[in-house]
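So you can see what is in the structure, the chains are spelled out below.
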Amino acid sequence: MLLVCFVVKPLSLQPDVLTRAEALGLKARSIVEGLRIGDHKSPYKGFSVEFVQHREYVAGDDIRHIDWKSYGRSERYTIKQYEQETNFIAHILVDASKSMEYGEGDSNKLQVAKLLAASLAYLVIHQRDTAALGVFDDGWRTRLPASSQPGHVNTILRTLEEVEPREKGSIGPLLSELAQQVRRRGLVFLISDCFDDVAELVKGLSHLRFGGHDVTVFHTLHPDETGFPFEGMTRFVGLEDTGKLLTRPNLIRPAYLRALQAYLDEFREGCRANRIDHVAVDTGKPLGPTLAGWLAWRLQTA
Amino acid sequence: MFLAPYMLIGGLAASIPVILHLFYRSRYKTVPWAAMKFLLTSVEQTSRRLKFQELLLLILRTCLLLLLAIALARPTFQAAIGGGDAVDAVIVLDTSLSMQARSGPNSTCFDTARDAARTVLRQLPANSTVQIVTVSDTARVAGPLDPGRLDLATALLDDLVPSDRGSDLHAGIVTAERILAQAPSSNKELYILSDMQRGAWETRGSEIKATLDELRKKATVSLVRCTPLGRGNVAIVGITPQTTLRSGERADFAVLVRNAGTQPVKGLTVTLTLDGRDDRAESQALAEVSPGETRAVVVGTRIETPGRHVVRAVVRPDDVEGDNRLERVVVVNDRVGVLVVDGAADVRDPRKSASFFLSHALNPEASGLPLSIVPVERAAPRDLGGKELCVLVNVPLAAVGDRPGLSPEFLRALEPFVKEGKGLWVIAGARVDPKL
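Residue numbers (our numbering), protein chains in the order written: chain A, 4 to 305; chain B, 13 to 448.
To be clear, the hints were calculated from the coordinates, so they are not data collected in a lab.
Just so it is clear, the structure is predicted and the values come from calculations on it, not from any experiment.
Quick reminder that beta carbons are idealized off the backbone N, C-alpha and C, glycines included.
Take these hints with a grain of salt, some might be off.
What the hints assert, rightly or not - Per the computed footprint, the stretches of chain B lying under chain A, defined by three or more beta-carbons under 8 Å from a beta-carbon of chain A, are:
1) 29 to 43
2) 48 to 62
Unchecked claim - DSS-like cross-link-like pairs, simulated, lysine-lysine; straight-line CA separation at most 25 Å:
3) K171(A) to K41(B)
4) K63(B) to K49(B)
5) K206(A) to K247(A)
6) K49(B) to K247(A)
7) K49(B) to K171(A)
8) K41(B) to K206(A)
9) K63(B) to K247(A)
10) K63(B) to K41(B)
11) K399(B) to K434(B)
12) K72(A) to K171(A)
13) K247(A) to K41(B)
14) K83(A) to K72(A)
15) K399(B) to K431(B)
16) K431(B) to K447(B)
Looking at chain A on its own, in the form it has when it is part of the complex:
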């Protein structure tokens, strides 16, 4: 039983959205099925298993769930019922603020975030767990309730495909709010560039950790943001109304890289202190290897 009441936005079933959603689904599926070759064992199986009641066995039920002890006592086939049909809830949180708009084509940060969210949703639901989606900028823009139904993947895909970058992002308070709302322990995947106040951000993430959630941050950055390869006189216009700047990038490149590295170090240290997984996602590289590397690491450390 879900303790959180999600506000579900009506799905718009426009043909182009559906087409794009299918394309997104295909991409996500190809990535995830590539990861599932050899059939790995989910590290999350067995989480949050809470017995509720017995019911009588009917044809079609999985005989694995027959309670043989009860059969020994009553000679009736009964099935053990659990509070949830799945083992855990995965909360996939996608940052859709204006800063995620950066990048052209496949390296666009929001597009990569969508593909990553779709892949995670596909991965989670495919192993019969529950996935919930939350899209945010300065507030919750869209939230889909948790579900393990296969059709839920399509809902997530369509929702993701409709997402457009908007407004300035503010992640920390939203994460704190989510930590208060979601009482049941689960997985939280935050997909964002995390261009926010580090202290606020880490505070929100730590709230989730205090709630017993397993938190993973997919830190999505464009190669331009990590390498700053610009030349010549350039006018930078902030995507989140953060001002304009006319400068020679080659002159300030060292200082920029130092500032970025200081931010990354601080953020990673915050994650490490709170036992939050930090996964760097380079939007200039294929997503598959990044996801595979992260899953392999999870398998080793689970």
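Dock chain B against chain A, hints included.
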């Protein structure tokens, strides 16, 4: 103070870096950027340093161009010290033939003019410029390349020599006028160093006067005359052989000496040399040559070999060396070839031949005289080739009976032989018919 102040116009180029700076500031690309936070942080940290660097670079580039323009304008501090009396001077130096005239025991007019030029150079104020123009029948700017290098100008004077040409002072003055027109200084001076020969002034006197009058309005003009020691000037005007020139013989030449000066010249010696061999030179004294007079002196020399020879006649002493020498190429023939036609040749006993004693007299002990003896019946026109003298000894002009005579062809060939100036000697004998 600048020696080339017009080059300061190049200082306008100093504005190029500023213009480029503004131009490139107005040309930029716009990039929408997410990580503005780090960008602003980095700019905060570096903006002051970057602005300082940019300003410094801009100033350096501007100063570099300014300094270049100033350097090209050739600034000088000495001008300020010297009171700014630098002069742009032009020295016109006459290098015509007449400048070779002696102006002293061991010097010529040209030496005097050169010394005067050196004096002018020494006395020019600091930072002055100078150009030396040499003038004979044409004018030429001799240098120096850098007008400010008076030391180079002095060294240049040492290399100049007078020519053997005439004098056209007007050409030199016009060249000097052109140079002075381009000179930036307000102090301009023109020095004309010449012997002021009448011919040079008479030819284009009015033009020279007009040009100098015009120049005097803009510059100080100084005429420096280098006076020759005397006014007599002899020249060799001809070499004429007095005899037919033959190898192995002595030949006399008449050397014509003319006095083109206005005073008599005394105590002259005319020397004749053949093919530059001074060891065989022969001389004749010439007591005096009056002004305008031409005197002939006969000087002989021995010519050993046939062919072309260079005969040189030199007269000394004279004030003007250039016209004291004359050379002439002469053609010298070989020795006299003699053809003896014998009208009574005796093959069995040559002593009975008519030409026996004659041939021995002409060519005793076979001295090498090119002598040919042919019997009359074999005498042909080709035998006359290369001969200077034909001797007919007891030769009948026509055949009489069985006695042979000269062939008609030979007789016909004798006519042009004689007309060429060659000799025909007829010795009568018993076989000669006096009627013919």
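The hints, checked one at a time:
Only when three residues or more bring their CB closer than 8 Å to a CB of chain A does the claim for the region 29 to 43 of chain B stand; here the count is 7, and the claim holds. A count of 11 residues in the region 48 to 62 of chain B with a Cβ less than 8 Å from any Cβ of chain A is obtained; the coverage claim is therefore met, three being the minimum. Taken as a hint, the K171(A) and K41(B) pair is honoured in the structure, with Cα atoms around 24 Å apart against an allowance of 25 Å. Among the hinted pairs, K63(B) with K49(B) is consistent with the structure: their alpha-carbon atoms are about 20 Å apart, no more than 25 Å.
At most 25 Å may separate the alpha-carbon atoms for a hinted pair to count; K206(A) and K247(A) exceed this at roughly 30 Å. Of the pairs offered as hints, the one joining K49(B) and K247(A) holds, with about 11 Å between alpha carbons and a cut-off of 25 Å not exceeded. Proximity of K49(B) to K171(A) is assessed by CA-CA distance (about 13 Å); at most 25 Å being required, the pair is judged to hold. Distance hint between K41(B) and K206(A) is unfulfilled; the C-alpha atoms sit about 38 Å from each other, more than 25 Å.
The suggested pairing of K63(B) with K247(A) holds, with an alpha-carbon distance near 18 Å, which does not exceed 25 Å. Distance check on the hinted pair: K63(B) and K41(B) sit about 20 Å apart at the alpha-carbon level, within 25 Å; holds. Note on K399(B) and K434(B): the hinted pairing holds, with a Cα-Cα distance of about 8 Å set against a maximum of 25 Å. Taking the CA atoms of K72(A) and K171(A), the gap is about 57 Å. The hint is violated against a cut of 25 Å.
Proximity of K247(A) to K41(B) is assessed by CA-CA distance (about 12 Å); at most 25 Å being required, the pair is judged to hold. Taking the CA atoms of K83(A) and K72(A), the gap is about 11 Å. The hint holds against a cut of 25 Å. For the proposed pair K399(B) and K431(B), the alpha carbon gap of about 14 Å is at most 25 Å, so the pair holds. Straight-line distance between C-alpha atoms of K431(B) and K447(B) comes to about 24 Å, which keeps the hinted pair within the 25 Å bound.
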